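Participant: Going line by line, the protein sequences match chains A and B. Residues 0 to 501 in numbering that gives the first Met the number 0 are what the first sequence lists, from first letter to last. Residues 0 to 501 in numbering that gives the first Met the number 0 are what the second sequence lists, from first letter to last.
For the record, the hints were derived by calculation from the structure and aren't laboratory data. All figures in this text were calculated on a predicted structure; none of them were measured in a lab. The reader is advised that the hints may include incorrect statements.
[As the list claims (entries may be wrong)] Some residues of chain A that are not near chain B, with every Cβ distance over 12 Å (derived): (1) S21; (2) G42; (3) G66; (4) I201; (5) G204; (6) A242; (7) D244; (8) R246; (9) V349.
[Unchecked claim] Coverage of chain B stretches by chain A, computed from C-beta distances (three or more under 8 Å per stretch; other residues unrestricted): (10) 42–55; (11) 95–102; (12) 260–269.
Where a beta carbon is used, it is the ideal one built from N, C-alpha and C, also for glycine.
There are 2 protein chains.
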Amino acid sequence: MTINSTHPSYDSLVNHLKEAFSLKSSLSLLQWDAQVNLPPSSGDIRALQLAALSEVLHHKLTDPKIGKWLDQLESNQESLSFEQSVVIKETRKTYEHDIKLSPEFVAKKAAAQSYSYLAWVEARKNSDFKSFIPHLTKQLDFALEEANIVKSHTNPYDYCIDQYDPHLNVAFIEKHFSELKKELIPLLVKIINSPIKPDHTILKGFPIKNQETFVYEVTKKLGFDYDRGRLDRSVHPFCSGNALDLRMTTRYNENLPLDSLFSSIHETGHGLYEQGLPKEHLGTPLSEAVGMAVHESQSRFWENQIGRSRAFWHYWEPRYRELFNDQLKNIDSDLLYLTVNTVGRNPIRVDSDELTYNLHIILRFELEKQLFDGSLKITDLPDKWNALSEEILGLTPKNDKEGVLQDMHWSTGDFGYFPSYCLGNMIAAQLWFTMIKHLPSLEDNISQGNFSPLLQWLRTNVHQYGKQYNTRDLVQKITAEPLHSKYLIKYLSDKYLPLYFK
Amino acid sequence: MTINSTHPSYDSLVNHLKEAFSLKSSLSLLQWDAQVNLPPSSGDIRALQLAALSEVLHHKLTDPKIGKWLDQLESNQESLSFEQSVVIKETRKTYEHDIKLSPEFVAKKAAAQSYSYLAWVEARKNSDFKSFIPHLTKQLDFALEEANIVKSHTNPYDYCIDQYDPHLNVAFIEKHFSELKKELIPLLVKIINSPIKPDHTILKGFPIKNQETFVYEVTKKLGFDYDRGRLDRSVHPFCSGNALDLRMTTRYNENLPLDSLFSSIHETGHGLYEQGLPKEHLGTPLSEAVGMAVHESQSRFWENQIGRSRAFWHYWEPRYRELFNDQLKNIDSDLLYLTVNTVGRNPIRVDSDELTYNLHIILRFELEKQLFDGSLKITDLPDKWNALSEEILGLTPKNDKEGVLQDMHWSTGDFGYFPSYCLGNMIAAQLWFTMIKHLPSLEDNISQGNFSPLLQWLRTNVHQYGKQYNTRDLVQKITAEPLHSKYLIKYLSDKYLPLYFK
């Protein structure tokens, strides 16, 4: 996959994109540092640094030279390789998007985001939705205004979704999410009514030092390259950086050992994807993720299909018992595996299991859709959240902190992001059924602690392509079928029914 | 000290400088991260990020608008306050300097520096000076070329010194360093011949966790603001950042507990200076250090005049024994104090005591001077180093790793920096004699763990002024006498003769 450099404008364009990438990744490192290292009162200087770098980056990404190079290259289509045409097509899309947004609009939106985020932190702390209303209203107005400026989609919610998952849209998501809703709600009810009722709170008093050791050993064994990455601590686990310098975070609690473990495996999934993108093309679309749904498919795949599997625990259980001998002495292998796969109703998305998680996302998607089509007013949002929560999850949050205020996404105007999580689960499940056909020894390999055939498969089928295929084309190419919700339903039923009904 | 904003050009200039500062401090954070967090193989992307940010910053600092604003303001001198005239004078100096250096020259020099630094690491590892000769030659040529481009000084070594310590020069340094040499060599010989022979290697097996605790407690008590700063680990201790986000580092070794302690106090001295610069003027010369000699005077002051004093140990010894009870049980108070003040011959500058340290600097100054006036060839440097070492320090390094290759400064072309360390010691000593006159209860305060009058004195007399006064004017203003080497000689004699000849 080398690029045949036929046109000097192509070299100039790639060079420019790589310089922009150096600035963008610097900005990203400053954001990482803000979550991991920033002294408590240093938020002021960091805000100024991020604003200055954002301005410089916006200037670079909207340089009229880009348009000139693209014009020249587009009139020379026949001399371009497939990879080159991908770079040009994707850069054109980003460039046309970015030049429509004035620096003033970008700055105004960024400033409002900062205030809105802080207002959300405060509102959530006090479970006070009312104080958050003006900020949320402004964020929604900004999203609508932006969609109206860019004018790439007739439905503004489609525009939002496209920012995270190009080529996916409301109609597609609606179709598959209603399938999921129809099947997963009764499945959840059935499991909850099972006489088998695991409880992850039996895992208590796990020393943090040993948790760190285990998390490091696991993530390294899965294939994360610590020569080009780190794992640190932050309040909320996340993954940032790139193939050359990847930064993941997790958090530790003595009485929630599965939280640090699975959040680390989750972030490792993101990290392995980034580390598998072709390094030589870094800065160009050939080394960018397809979209957030595919990104989430990677993190969810390692976390759930692998990390919560029998084969995984077959291999890791002895080491786990070595590190946490006392804590596990009354818990046998079956109970441990069942505990790792606890399913139950939880008002909080990030604390929920791999089945219920999807229902949390469906709830948010339905609300976002109604906010954008005007059928739901922001003032009615908490009531609607609670009603839908009862309908979908079978519980009503005891307050707005546990309900509508639990997630930060809306506070920073990130409407349209939530569906990616559930789409990621759909993709992960669909990949899983293809992978086990391609790799008949997969589960044996995992049982023996050999994760490299699996990683190699993902590298070959997903990671190496960057943005060469869009989400739906990529899934079609790998699995020989269109992206569909039925695989997620099958995966969850196949796994959980036998576990809860022996 | 508020700025009376009389001219719109002044506001525009300050605004521009503050934006440049946001970029400069971002660059500095990336450099800090490279020393503290960077994964082992991620040097490539960091080099690209630093290059991209440097280019953007150079562009900002050489923006012709700066020249235009300065022209307007300089023709309106009568309407400017003293502080405003400082900003204009200093900005003019930096601007005229920066615009003379083409982006190509800056980039070429930076690239050569990177290679030269790596060559030095390798050469030092193998004690192989010969492999380093072409790089060192290039660095010297760059320094001479730069001095020739800028043409601000007739002597290129004066130009180099001026980069770190404006208004200081070879003639001044030579006069005072020969005084120091004349007095300190016999003082060292005398002490070495004393029957009292302390040995810091008696301090062994100090658990690192407790060292960390002690270092944190000490630096916090001295006044370091951890709400706006951090202390991390790195191979070589350093201090970077600014008044709003200050990053210090140290290193730990169970058998060298004084290394982590005194390097932390040293960096705290730098940190307190930065944290004491007026925050509201950050980005302008009103919030910049006078120069490196004054910066080093602050670090050396806290490390030596305070950290190695009887009063300091009177206060901290009980806590030190609490944390290191077993390790100190055969060491009484007098022996501990003597050990902290071990004087001896050591080939390595950074491992040497507060007396000998000055002789290490004098050696380097003499060699730099001869390299710049052409009387010393680079090929003859190791022999000359060894001969001077025998003459000044009374020892010949056993190889070039312990001799001419020990310091990184020359590898990155930082000629003219070394004198700042010894000038810093001179300033620290001179400030000390003034301070004890101004604050008669100073030693009592320190004995009681009350460091705030001392910090307040430095804030008022040194920190608050930024670049309002140059090094010599500032010392004259505070001590009512010109900067002079005699105070350092007096301080060292007063302290060490009674200690080694009871």
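Participant: Now look at each hint and say whether the structure bears it out.
Facilitator: Here's how the hints hold up against the structure:
1. S21: violated, 4 Å
2. G42: violated, 9 Å
3. G66: At roughly 21 Å from the nearest Cβ of chain B, G66 (chain A) sits farther out than 12 Å, so the non-interface label holds.
4. I201: Label holds. Min Cβ-Cβ 31 Å, cutoff 12 Å.
5. G204: holds, 21 Å
6. A242: At roughly 9 Å from the nearest Cβ of chain B, A242 (chain A) sits no farther out than 12 Å, so the non-interface label is violated.
7. D244: Given that some Cβ of chain B is not farther than 12 Å from that of D244 (chain A), nearest at about 4 Å, it is violated.
8. R246: R246 (chain A) not clear of chain B: closest Cβ-Cβ about 8 Å, inside 12 Å.
9. V349: holds, 26 Å
10. 42–55: It holds, with 9 qualifying residues against the three required.
11. 95–102: It is violated, with 0 qualifying residues against the three required.
12. 260–269: violated (count 0)
Taken one by one, the earlier hints fail for this structure at numbers 1, 2, 6, 7, 8, 11, 12, listed in ascending order.
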